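Asker: Chain by chain, the residues:
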Amino acid sequence: MLSIKNLHASVEGKEILKGINLEIKAGEVHAIMGPNGSGKSTLSQVLAGNEAFEVTEGEVILNGENLLDLETEERAREGIFLAFQYPVEIPGVSNLQFLRTAVNAMRKHRGEEEMNAAEFMKLAKEVSKQVDLDPSFLKRGVNEGFSGGEKKRNEIMQALLLQPKLAILDETDSGLDIDALKVVSDGVNALRSEDRAILMVTHYQRLLNHIVPDYVHVLAGGRIIKSGGRELALELEEKGYGWLGIKDEETADSAAN
Amino acid sequence: MKPAPTLSAAFLESAGQSLPKALLELRKQRGTALVDMPLPTRKTENWKYSSKYLKLTDEMASTLPSQGKALTGQEVPGYRIVFLNGVIQPEASEFPKADGIRVASFRDLDDQEAAELADQLDNTLDDKAVQLARLNAARFEDGLLIRLKPDAVLDQPLFVIHEVTADASGSAFPRIFVDAGRHSQATLVEEYRSSGSEPVMVNTVTEFKLADGAKITNVRLTMEGENVQHIGATGVRQQRNARFESHTVGFGGPLRRHDLHVRLEGEGGECKLNGVVVTQGKQHFDNHTTIEHVAAHCNSEETYRNIAADQSHAVFNGRIHIHQDAQKSNADMNNKNLLLSNGAEIDTKPELEIYADDVKCAHGATIGQLDEISLFYLVSRGIARREANVLLTMAFINELVEQIPLETVRETAHTRLNQFFDQTFQEV
Ligand SMILES: Nc1ncnc2c1ncn2[C@@H]1O[C@H](COP(=O)(O)OP(=O)(O)OP(=O)(O)O)[C@@H](O)[C@H]1O
Ligand SMILES: [Mg+2]
Numbered sequence: 000m001l002s003i004k005n006l007h008a009s010v011e012g013k014e015i016l017k018g019i020n021l022e023i024k025a026g027e028v029h030a031i032m033g034p035n036g037s038g039k040s041t042l043s044q045v046l047a048g049n050e051a052f053e054v055t056e057g058e059v060i061l062n063g064e065n066l067l068d069l070e071t072e073e074r075a076r077e078g079i080f081l082a083f084q085y086p087v088e089i090p091g092v093s094n095l096q097f098l099r100t101a102v103n104a105m106r107k108h109r110g111e112e113e114m115n116a117a118e119f120m121k122l123a124k125e126v127s128k129q130v131d132l133d134p135s136f137l138k139r140g141v142n143e144g145f146s147g148g149e150k151k152r153n154e155i156m157q158a159l160l161l162q163p164k165l166a167i168l169d170e171t172d173s174g175l176d177i178d179a180l181k182v183v184s185d186g187v188n189a190l191r192s193e194d195r196a197i198l199m200v201t202h203y204q205r206l207l208n209h210i211v212p213d214y215v216h217v218l219a220g221g222r223i224i225k226s227g228g229r230e231l232a233l234e235l236e237e238k239g240y241g242w243l244g245i246k247d248e249e250t251a252d253s254a255a256n
Numbered sequence: 000m001k002p003a004p005t006l007s008a009a010f011l012e013s014a015g016q017s018l019p020k021a022l023l024e025l026r027k028q029r030g031t032a033l034v035d036m037p038l039p040t041r042k043t044e045n046w047k048y049s050s051k052y053l054k055l056t057d058e059m060a061s062t063l064p065s066q067g068k069a070l071t072g073q074e075v076p077g078y079r080i081v082f083l084n085g086v087i088q089p090e091a092s093e094f095p096k097a098d099g100i101r102v103a104s105f106r107d108l109d110d111q112e113a114a115e116l117a118d119q120l121d122n123t124l125d126d127k128a129v130q131l132a133r134l135n136a137a138r139f140e141d142g143l144l145i146r147l148k149p150d151a152v153l154d155q156p157l158f159v160i161h162e163v164t165a166d167a168s169g170s171a172f173p174r175i176f177v178d179a180g181r182h183s184q185a186t187l188v189e190e191y192r193s194s195g196s197e198p199v200m201v202n203t204v205t206e207f208k209l210a211d212g213a214k215i216t217n218v219r220l221t222m223e224g225e226n227v228q229h230i231g232a233t234g235v236r237q238q239r240n241a242r243f244e245s246h247t248v249g250f251g252g253p254l255r256r257h258d259l260h261v262r263l264e265g266e267g268g269e270c271k272l273n274g275v276v277v278t279q280g281k282q283h284f285d286n287h288t289t290i291e292h293v294a295a296h297c298n299s300e301e302t303y304r305n306i307a308a309d310q311s312h313a314v315f316n317g318r319i320h321i322h323q324d325a326q327k328s329n330a331d332m333n334n335k336n337l338l339l340s341n342g343a344e345i346d347t348k349p350e351l352e353i354y355a356d357d358v359k360c361a362h363g364a365t366i367g368q369l370d371e372i373s374l375f376y377l378v379s380r381g382i383a384r385r386e387a388n389v390l391l392t393m394a395f396i397n398e399l400v401e402q403i404p405l406e407t408v409r410e411t412a413h414t415r416l417n418q419f420f421d422q423t424f425q426e427v
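For the record, the sequence lines run as chains V and S. By numbering that gives the first Met the number 0, the letter at position 46 of the first sequence is numbered 45, and the numbering carries on one by one without gaps. By numbering that gives the first Met the number 0, the letter at position 92 of the second sequence is numbered 91, and the numbering carries on one by one without gaps.
Okay, chain V solo, but in the shape it has when bound:
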């Protein structure tokens, strides 16, 4: 489904990704772990098409198509979805309007009829229940004044509505209490299917108890320095990143937060 080859990317002239290689097949769940600042969000943002990051080398193929040639919105329509580490607040645009515009853009792309306000309201209410967000959140501005956990649930709600082919979840588990973690994991598990892949960035083994990955990768210094099965996550939890020859202080700090 997704094939990343020797991907280099920089921001403001500083190279962040220094040759990423990764193959993801339909139906698989991959977890990416790694110290703060190692480039996990950068990778996620580059895949989604954030132009703040410049790709200097390498290629990304999504189902035979050269992803890097596509505009952000085209990537989304081809099935890329990024749950942001820091979802954006947009006062003045209601969550409902935002979600409906997005869903209809996808439907239009697929040649399906757009949903009218009433139809969409019904769907949105169902899905908001699934992520345990009160429907009143639909009326509020996009993420406006949402708590950290509510924002993350809103991201999962979008994934459920948009039904992507590749869902990239950038620390969607951070800042969640135990119940919310369960809700979000259930949402992600509901997304799991044979024709869909999931790439999740996380610092915590605890998420991987709920969503069991097929592969775990360690990203450090802009490269994937180790890959393995889910047992790698357990090993990391036990030993930190030090044994891999990289500093782990920052990571320990963030885990304590």
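Note that these hints are calculated values from the structure, not bench results. Take the hints with a grain of salt, since some may be wrong.
Stated by the list, open to error - Keeping only pairs whose Cα atoms sit at most 30 Å apart, straight-line, the calculated DSSO-like set for lysine-lysine is:
#1 S:K27 with S:K54
#2 V:K238 with V:K225
#3 S:K335 with V:K138
#4 V:K138 with S:K271
#5 S:K348 with S:K42
#6 S:K327 with S:K359
#7 S:K47 with S:K281
#8 S:K127 with S:K271
#9 V:K150 with S:K335
Predicted, not measured: the structure shown is a model, and the values here were computed from it.
Guided by the hints, dock chain S with the ligands onto chain V, whose structure is given.
Answerer: Frame of chain V, contents of chain S with the ligands only:
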């Protein structure tokens, strides 16, 4: 030094004689006072950014014909007054008729009413601040008088359609005077439109006198074409506990100027002024507002938003003047501006003059562009870039558009805004 240009004598030439005597008299007096009036230049403080857009040619001095045009505006619900080139068209209008409410054309006033009105006109605006709108008093051909007796409540909004037909060069001078008695209430909607393509000027003055406890809502939609220079002034004087609410939505043009001057003269008065301006192409729009807290214990709340695209130019000047006796004044002014292109210009200036010591006065002005990260978030959900731009631009003014208390006006505004978006954000 070159002498400042003055208003051409052609602009003061005698107009039609269809008004009652007292009003003709007033007009003549006001005209005499305007001989040799200096026109605003770059050096005129309150026209600093806008004088270059002012282009009054002698051809524009003639009065536009007020007859012989098929009229639009009939789609407006309820009470409706149609001005054609500054003159009320009774057959196209629907006057409210109710006890305690007098709505009439200046032309239909008897001598006594006309004399009474002549005494009241032009007492709400500061001549020096609205130099060009003074021309209206020298040239008006008709006007709308609205008198509300104490406790009278106009049961539906009154729409005033100001239609200008620019088939030849010329000017129109519509005028409205509202005298709201104690505890009376009314909503007045002014809609400015045009047809035709010759260069014309609309020079319009609207005045409100609010007695104790009166409540007036004024909606103003400025939507004339690319050939129309619009110079408008609204003057308001409020007595005890009166409340005035203004919602303006303005679309740019070759010259657009609105002066809004509110005087809070009685304790407990309140005003709320909302304004939205959008400009594109080479358009211009200039809002100058003044709120005077003359009496103590009054509240004012002002929120203006400008959006400028392409090479257009928007100006906001918000003055708050708190007089010495106006203790416990509460004034809040906020102006936010959105530049949609690097070639656009927005000039904003809050002016505070505070002479009382126990007041709360907050003001803020910002100028920014559409937020890249918000834009990325939206398009990352498959939303087209154009649509994302529209959503974010609307988000900037939505709050104000939604506060307009009438659905039909909101719809009109949305239709025009969509045209603006179509031209500003191309499909990619
Ligand atoms: N817009 C930017 N401008 C400058 N530097 C940036 C920008 N975005 C990211 N960086 C830098 O790139 C590096 C990688 O950041 P990134 O957000 O990808 O890390 P991360 O692995 O997601 O970290 P975390 O675990 O803290 O979320 C960091 O040093 C960061 O400061
Ligand atoms: Mg990150």
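Asker: Each hint needs a verdict: does it hold in this structure or not?
Answerer: Hints and how they fare:
Note on K27 of chain S and K54 of chain S: the hinted pairing holds, with a Cα-Cα distance of about 25 Å set against a maximum of 30 Å. A C-alpha spacing of about 14 Å is found between K238 of chain V and K225 of chain V, which places the hinted pair at or below 30 Å, so the restraint holds. Distance check on the hinted pair: K335 of chain S and K138 of chain V sit about 24 Å apart at the alpha-carbon level, within 30 Å; holds. As the CA atoms of K138 of chain V and K271 of chain S are separated by approximately 26 Å, the hinted pair is consistent with the 30 Å bound.
At roughly 16 Å between alpha-carbon atoms, K348 of chain S and K42 of chain S fall within 30 Å of each other, so this suggested pair holds. As the CA atoms of K327 of chain S and K359 of chain S are separated by approximately 7 Å, the hinted pair is consistent with the 30 Å bound. Taking the CA atoms of K47 of chain S and K281 of chain S, the gap is near 18 Å; set against the 30 Å cutoff, the hint holds. About 24 Å separates the Cα atoms of K127 of chain S and K271 of chain S, which keeps this hinted pair within 30 Å; it holds.
With a C-alpha separation of about 27 Å, the suggested pair K150 of chain V and K335 of chain S falls inside the 30 Å cut-off, and the hint holds.
Hint compliance for this structure: no hint is broken.
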